[in-house]
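Residue numbers for the sequence shown, in mature numbering (1 follows the signal peptide of the UniProt record, and there is no 0): -20 to -1, 1 to 309.
I should point out that these hints are in silico values taken from the structure, not numbers from a laboratory. Note that the Cβ used here is the ideal one computed from N, Cα and C, for glycine as well. Each hint should be verified, as a subset may be incorrect.
Claimed, not checked - Here are the in silico distance ranges between beta carbons for each label pair:
{"no.": "1", "residue 1": "P138", "residue 2": "E245", "range": "37 to 47 angstroms"}
{"no.": "2", "residue 1": "E278", "residue 2": "D85", "range": "52 to 62 angstroms"}
{"no.": "3", "residue 1": "Q255", "residue 2": "P221", "range": "30 to 40 angstroms"}
What the hints assert, rightly or not - BS3-like mimics (lysine-lysine), calculated; alpha carbons at most 25 angstroms apart, straight line:
{"no.": "4", "residue 1": "K127", "residue 2": "K8"}
{"no.": "5", "residue 1": "K207", "residue 2": "K84"}
{"no.": "6", "residue 1": "K260", "residue 2": "K207"}
{"no.": "7", "residue 1": "K88", "residue 2": "K8"}
{"no.": "8", "residue 1": "K88", "residue 2": "K161"}
{"no.": "9", "residue 1": "K32", "residue 2": "K8"}
{"no.": "10", "residue 1": "K88", "residue 2": "K10"}
{"no.": "11", "residue 1": "K10", "residue 2": "K32"}
{"no.": "12", "residue 1": "K127", "residue 2": "K247"}
{"no.": "13", "residue 1": "K283", "residue 2": "K161"}
{"no.": "14", "residue 1": "K274", "residue 2": "K203"}
{"no.": "15", "residue 1": "K247", "residue 2": "K10"}
{"no.": "16", "residue 1": "K247", "residue 2": "K274"}
{"no.": "17", "residue 1": "K274", "residue 2": "K127"}
{"no.": "18", "residue 1": "K275", "residue 2": "K260"}
{"no.": "19", "residue 1": "K175", "residue 2": "K203"}
{"no.": "20", "residue 1": "K260", "residue 2": "K247"}
{"no.": "21", "residue 1": "K32", "residue 2": "K247"}
{"no.": "22", "residue 1": "K207", "residue 2": "K29"}
{"no.": "23", "residue 1": "K88", "residue 2": "K247"}
{"no.": "24", "residue 1": "K84", "residue 2": "K175"}
{"no.": "25", "residue 1": "K29", "residue 2": "K247"}
{"no.": "26", "residue 1": "K84", "residue 2": "K10"}
{"no.": "27", "residue 1": "K285", "residue 2": "K275"}
{"no.": "28", "residue 1": "K127", "residue 2": "K161"}
{"no.": "29", "residue 1": "K275", "residue 2": "K127"}
{"no.": "30", "residue 1": "K306", "residue 2": "K285"}
{"no.": "31", "residue 1": "K203", "residue 2": "K8"}
{"no.": "32", "residue 1": "K127", "residue 2": "K306"}
{"no.": "33", "residue 1": "K29", "residue 2": "K8"}
{"no.": "34", "residue 1": "K161", "residue 2": "K306"}
{"no.": "35", "residue 1": "K203", "residue 2": "K161"}
{"no.": "36", "residue 1": "K161", "residue 2": "K275"}
{"no.": "37", "residue 1": "K283", "residue 2": "K127"}
{"no.": "38", "residue 1": "K175", "residue 2": "K306"}
{"no.": "39", "residue 1": "K127", "residue 2": "K285"}
{"no.": "40", "residue 1": "K260", "residue 2": "K32"}
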Amino acid sequence: MLAATGIVAGALALTGGATAGFAQDKTKIKVASVYTVPIEQQWVGRIHKALKEAESRGEIEYVWAESVAATDYERVMRQYAEAGQQLIVGESFAVERPVRAVAKDYPKTAFLMGSSFGPAGSNLSVFDNFIQEPAYLTGLIAGGMSKSGIIGMVGGYPIPEVNRLMNAFMQGARETNPQIKFMVSFIGSWFDPPKAKEAAFAMIDRGADIMYAERFGVSDAAKERGKLAIGNVIDTQAQYPETVVASALWHMEPTIFRAIAAVRENKFSAEDYGQFSTMKFGGSSLSPLGTFEKKIPEAVLAKVKEREQEIRDGLFRVDVNDSEPKSSM
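Please work from the sequences and hints to get the whole structure.
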């Protein structure tokens, strides 16, 4: 499905080498996104939200394609490049080779793709969800709130982008409860809420009283069984006020606004934008605790606040561990 809209915001100061042929004047930058899943999926939803914010500020003309099959991804990208889009954004995890081939064929088009690999050529930049810092903070909370000592974790695929968040969460949980046990499962899909829900039910039946909801559907299972959940990427506490304790939030705005400004200033080059997803750059944060503010043990809350400040001050570093997390029971 192709959807169109219109517009985005002011340029940011940039450094780095320029690549000829990108943007010219104060006219709106033409931006397109290609998504393999529906835009309501949390990961691409954050990209879409940032681009819509840029559109609302009058800086870009924005069009997008969602639920694009991997076999059609290259074709859709080429259509956008041929149509004169100046910046193409998307995720290339299952289509790395086609994406890089397209970028090479259109050197005057800027490409910004979610990827486990590095930038390429002069015009393919990459980004990633390096939100392991708030994921660790949510782990501190979960470890301190679990009564059964068992946490269930349901993810999409065991790739670095998922693994590092799960491992950071587990690191935090072990800090507040060294005896905590984990059940880990991957559903083999980026968007299959019913399958994620069933996986969560199985873990709850085995004693998990807190669920790490890397995928949609897990919080529904926790809600139905009266258990707690930790969210990922977006804040869903408003939808689950008695279930979702906290979430590790991803803010794509620093990444997107930097790329748009680079195109506008004719300075877009092949870069790794990963750092702009960290807390230092405002690319991630711990969600407000809201309905659980008074329910989290005071000692745990104090530890969370202490670690959060240490992270922001550069005094504490959360490990980036991309290895596949394993169950401990």
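Under the criterion that the straight-line Cα-Cα distance not exceed 25 angstroms, is the pair K260, K32 satisfied?
23 angstroms, holds
Given hint K161 paired with K283 - CA-CA distance at most 25 angstroms:
20 angstroms, holds
A range of 30 to 40 angstroms was offered for this pair. Does it hold for the Cβ distance of Q255 and P221?
34 angstroms, holds
Restraint check for K203 with K161, where alpha carbons must lie at most 25 angstroms apart:
21 angstroms, holds
For the pair we were handed, K260 and K207, check the Cα-Cα distance against 25 angstroms.
Violated: K260 and K207 sit about 33 angstroms apart, past 25 angstroms.
For E278 and D85, compare the CB-CB distance with the range 52 to 62 angstroms and indicate the outcome.
Roughly 58 angstroms apart at Cβ, these two residues keep to the hinted range, so it holds.
Is K88 within 25 angstroms of K10, Cα to Cα?
13 angstroms, holds
Would the pair K275 and K260 pass a check requiring their Cα atoms to be no farther apart than 25 angstroms?
28 angstroms, violated
Just to be careful, I want the Cα atoms of K274 and K127 compared with a cutoff of 25 angstroms; is the pair within it?
17 angstroms, holds
25 angstroms limit on alpha-carbon distance, applied to hinted pair K247 and K10:
16 angstroms, holds
Does the structure keep K283 and K127 at a Cα separation of 25 angstroms or less?
18 angstroms, holds
Please work out if K127 and K8 have their alpha carbons no farther apart than 25 angstroms.
54 angstroms, violated
Going down the numbered hints, you'll see the structure goes against 4, 5, 6, 8, 12, 16, 18, 22, 24, 30 and 31, while the others check out.
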